[in-house]
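Undergrad: Protein chains in written order, with this note's numbering: chain A, 1 to 334; chain B, 1 to 334; chain C, 1 to 334; chain D, 1 to 334.
Please note that a few of the clues may not be correct.
Same chains, same names: a pair is fine if it fits in one copy or spans any two.
Claimed, not checked - Derived DSS-like pairs (lysine-lysine); straight-line CA-CA distance at most 27 Å: (1) 141 with 274; (2) 21 with 293; (3) 144 with 270; (4) 270 with 134; (5) 270 with 304; (6) 208 with 141; (7) 141 with 38; (8) 208 with 60; (9) 37 with 60; (10) 270 with 128; (11) 274 with 128; (12) 144 with 330.
Derived from the structure by calculation, the hints contain no laboratory data.
Protein chains: 4
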Amino acid sequence: MINIGHIGLGRMGEFHARTLKSLPNANLYAICDLDEKKLNEISDQLEVEHRYTDFDEMIKDENIDAITIASPSHLHTQFITKALNAGKHVFSEKPLGVTVEECKKAEKAVEANPDKIFMLGFMRRFDKSYRYAKEAIDQGKIGKVYMVRSYSQDPTSAIEGAIKFGPHSGGEFLDMCVHDIDLIRWYTSAEPKQVWAIGGCYAYDEFKDWNDGDNVSALLKLDNDAMAFLFAGRTAPHGYNVETEIMGTEGILRIGSVPQANMVEILDNKGVRKEISQSFIERFGDSFKAELKEFVDCIEKNRKPEITVYDGTRVSEIAYKCKESFETGKLINI
Amino acid sequence: MINIGHIGLGRMGEFHARTLKSLPNANLYAICDLDEKKLNEISDQLEVEHRYTDFDEMIKDENIDAITIASPSHLHTQFITKALNAGKHVFSEKPLGVTVEECKKAEKAVEANPDKIFMLGFMRRFDKSYRYAKEAIDQGKIGKVYMVRSYSQDPTSAIEGAIKFGPHSGGEFLDMCVHDIDLIRWYTSAEPKQVWAIGGCYAYDEFKDWNDGDNVSALLKLDNDAMAFLFAGRTAPHGYNVETEIMGTEGILRIGSVPQANMVEILDNKGVRKEISQSFIERFGDSFKAELKEFVDCIEKNRKPEITVYDGTRVSEIAYKCKESFETGKLINI
Amino acid sequence: MINIGHIGLGRMGEFHARTLKSLPNANLYAICDLDEKKLNEISDQLEVEHRYTDFDEMIKDENIDAITIASPSHLHTQFITKALNAGKHVFSEKPLGVTVEECKKAEKAVEANPDKIFMLGFMRRFDKSYRYAKEAIDQGKIGKVYMVRSYSQDPTSAIEGAIKFGPHSGGEFLDMCVHDIDLIRWYTSAEPKQVWAIGGCYAYDEFKDWNDGDNVSALLKLDNDAMAFLFAGRTAPHGYNVETEIMGTEGILRIGSVPQANMVEILDNKGVRKEISQSFIERFGDSFKAELKEFVDCIEKNRKPEITVYDGTRVSEIAYKCKESFETGKLINI
Amino acid sequence: MINIGHIGLGRMGEFHARTLKSLPNANLYAICDLDEKKLNEISDQLEVEHRYTDFDEMIKDENIDAITIASPSHLHTQFITKALNAGKHVFSEKPLGVTVEECKKAEKAVEANPDKIFMLGFMRRFDKSYRYAKEAIDQGKIGKVYMVRSYSQDPTSAIEGAIKFGPHSGGEFLDMCVHDIDLIRWYTSAEPKQVWAIGGCYAYDEFKDWNDGDNVSALLKLDNDAMAFLFAGRTAPHGYNVETEIMGTEGILRIGSVPQANMVEILDNKGVRKEISQSFIERFGDSFKAELKEFVDCIEKNRKPEITVYDGTRVSEIAYKCKESFETGKLINI
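Please work from the sequences and hints to get the whole structure.
TA: In structure tokens:
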């Protein structure tokens, strides 16, 4: 049984806490959050005795084996570093860090603690459909991959939160596209070498305040000359839309091109339609569970996760170059 | 150039008149309708000089080579008989007749005029998708056919007309299911031998006035022991829905299971949806054109149409047995 | 923690055993199976100490709180009765029994043990999509339900097992349609009053040996005059296909009309396609887990399950009437 | 009746000839092609008396009212100019020209003959689904358009022809993307101002011989800051794939995201699938017919077509800039 200290009770963090509670080989030992009311409410529900508002205090507890981090993005690397150096295994939500410098510091901490498990939350790799595609590609079923198109869209209905947390999110490329960038690298086994990114504030001018757009896109050239197209947006009218298309010389795979919430088709006076997942948790709930299970299993069996800290840095680096291109309007070499 | 005299300017009849006008080898020579205003309006538009309100008068004109009939169903057989006996080729809308006795009379007229082309409007056989299925079956691609399910549904939006014309329509089985019955015989090359039909007035009690239902269904056993399921309704919420599923031992074909009006997918706050055909003309416009083209080509090339008068009688007979079962509640031998 | 004694290590039974092992509030205490090799293999894997080849022996163990039954269908009722009378809570796979007399005996046992939880495995009610439909209906979103069409199809790839277990399965209507019958009653809140069933051996004559067909269908009239159409088959070419269509005066719901295994669309030289669930476990794995969770939660919280023993009897009765109609060719009153 | 002289009997040209033959208000008066055998074969079939192997000879015939051009792309502008200056109305297949200089010459010829109808074959504007989208956009149904993604993919099965005609096609951007560029301008009412294009020879190195790729893409920034993404390829595994996605602040439209050939769904051991259009004629046959009908109607009614010669030049200019970016690797201002 692995004792877990968890930080962060935002929407994602609360979901992680509940998942940790249900894992047979994990013990949700402690929770940390600045919001004391929320902290007590959730801890009561999940029957967690140890409660902290100070991360530094929590990691002092020697009973804790591992730390799971779902704090705001700009705090990830400092919590990662502290927890590793306190002798804990660490799982962190993406992105690794919001600057490349921070990521490099996290790398150092990982390298300094080689016997500790470190895992980053690129949860799409744990989705049934995304895994199916990976296997099909690895088995050569679609030939040589020459193009990946990947969308990350949040529903308009979530725009308030997007604006509120926008200034600390790192912007669309850091906050949303990191998943798509991870997939591109995973599916092509290649690295981006050039990028041009554009976009704008088409519906909500607020995003300009932190040099971001409400919808953005980027075209990337990879080092094997393959192409990648990223699109991220905050105004999807229909729901939470994550889709990826992978083109190979022998076949094309499309994942989630209709983000349907279930297997029901509705025929009424609006046509023939399907209801759509409205949030990342609705769409990827099983993946989030699977990644935490993998983290705990890795600790238990002393096995290294597939996703390394270097993947985290590399993805952040690329996202940063996208952002730079978006801000300067220039074609950027990576 | 074949000179055509056309009767009937209801929705279907007007569409046929326009099609006849556009065929390169047909000349829409005369039109007949009781409604003089409509007659003149359409004839003016289509530049048709010869106009009649009396069918008997029209068929006296020796310049007319062929008659196309889109009158109310209960008048089909008398018009067919008169036109054939006047030496004209005849195309008639389905059903052949609303009683089996009438159908038999039409058979006699066809037999008495063996050099005249007679064709019945089972237009689904001219639809690209239905033809594709027929070819796949004939090529053995789905193995032995053991089950056909076929739906004919009119949209609720057309309920007023359905109620207005209901008393003279022959009822759901005669008016709508004849197409499905034709398909079942076409796809299975077998004949129904037993039927049980049920249904009711679930939304509109008016249909009870002529012993009909607003939605009905029938299960049929064919003489090769294959199964068939018919469903017909007047209250489809989404549009004009005609779909057919054909199950074979090696494969299943589904035709039109989403009656989409075009290739556009709409993603908005109602989900992901497609707009739906709202009428038989929208869905089967091309088939209606193709069947009249076939009729005129048959005359020009002195070729016999695939669909015979006996198909018409047989289909009406079966529809009548469905109706009998529906009305009596009994299992009926055909 | 509820101590469970589980019987049956067939495909379904093994899956249930694994689910029981993973539930936080259940303890898989004992397993019973005739096949000693399998019994030890699975018990070793799941670290279950108590192993039985004799059901009567197992239920003597006073540490066991509840029994879960996944034996062959014809043994269900005797195991249910024995277990209840031994003071255990009971979960049984469907069908309740393969004769109505057996079902009545099970009812008696349930009635004689009113403080014990009894639950029957109509797992479709725990599927996300089927539940969504139930809620939509209950909220009046599709108006008055007047037609339910429900298919249960096993893939041809599983035909060997279907033939092997066929003689003891009770036949298609008892073995497969019970789920569909349960859904019809659940969605319409009405009871079938008449049925006509047909079918045959279209690909595999073996089913004739026990008066069954490889594909069968039934049309039912309900006591509120609504219609229901059942189809069950053993030769689906594409996979495990369970689909249900519910027609209401305001809308139509279709559940699982394409039983896709995941959200990947494949575009290759076979067209645009989706891969399909190949087994009931692949399609309904989450439902099977949810129903056992519900069973254990009901015990823990002393709550009665929604599905009663009377549902089981009623469904078996109806299935039996379908079978009678299929065997005699007659229209049967229920 | 408009007398037409038609040049070009390649696949497209032959299709156009047949369409012209079927139009009620056009007379296919003469055909011109270098291949005398083909010329006579098709002319015999279509009963066309006047046959030419020399375009200059054909346009001397004073009985000819209009010229329809389906020659190789690099000959378009000289034929357009000659025909207009000979006093004929002109329809030309896209692209207007393969260099911008040529396009400008065609503009001059159009301007010098203001009483003559000139129309360019951007046939997608005549497709039912593309028109539906245009109307929805114009009615404000999807709000403000901020992103268009448009694909033009030929099937791998057609690769031989693509390689054979590649050197004279102008390359992917000129040959294929002109349709997509036309759509972008049509749907957004905006002009591209910057482009970055990439791509390569991923399966067929032959395309390198004329500085082209077998698959290419381009990201464009429009003058209203909207985004556009173009993708063109020669190796679609599944068929002829033309799809367009238009994102607006209120809704998203996807046109043809599954280029299904008909309404049949096939359920067999390859999954659940649809067959796909295999050629531009299969997908857009009706649009090709509609555009020639519009051309002849415009002449008859002395009405100006919506698509002007300036659209042709502008689209070629933009396509050329894409090509320049592709060849130089640079970000290009338009």
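Undergrad: State for each hint whether it applies.
TA: Hint check results:
For the identical chains of this complex, residue 141 and residue 274 are inter-copy neighbours only, at 15 Å across copies versus 30 Å inside a copy, given an alpha-carbon limit of 27 Å. Taking CA atoms no more than 27 Å apart as the test, residue 21 paired with residue 293 passes in both settings, with 11 Å inside one copy and 16 Å between copies. Taking the shortest Cα distances, residue 144 and residue 270 sit within 27 Å of each other only across copies (18 Å), while inside one copy they are farther apart (41 Å). With identical chains, the CA atoms of residue 270 and residue 134 are at most 27 Å apart between copies only, with a shortest distance of 20 Å across copies and 36 Å within one.
In this assembly of identical chains, the alpha carbons of residue 270 and residue 304 never lie at most 27 Å apart, being 50 Å within a copy and 37 Å across copies at closest. In this assembly of identical chains, the alpha carbons of residue 208 and residue 141 lie at most 27 Å apart only when taken from different copies (26 Å versus 43 Å within one copy). In the homo-oligomer, the alpha carbons of residue 141 and residue 38 never lie at most 27 Å apart, since the shortest distance is 48 Å inside one protomer and 36 Å across protomers. In this assembly of identical chains, the alpha carbons of residue 208 and residue 60 never lie at most 27 Å apart, being 41 Å within a copy and 63 Å across copies at closest.
When the C-alpha separation of residue 37 and residue 60 is checked against a cutoff of 27 Å, the pair qualifies only within one copy, where the shortest distance is 23 Å, while the shortest distance between copies is 50 Å. Proximity of residue 270 to residue 128 under the C-alpha cut-off of 27 Å is restricted to the inter-copy arrangement: shortest distance 20 Å between copies versus 31 Å within a copy. With identical chains, the CA atoms of residue 274 and residue 128 are at most 27 Å apart both within one copy (20 Å) and between copies (14 Å). Within a single copy, residue 144 and residue 330 get their C-alpha atoms only as close as 30 Å, which misses the 27 Å cut-off; across copies the closest is 26 Å, which meets it.
Comparing the model with each earlier hint shows violations of hints 5, 7, 8; every other hint is respected.
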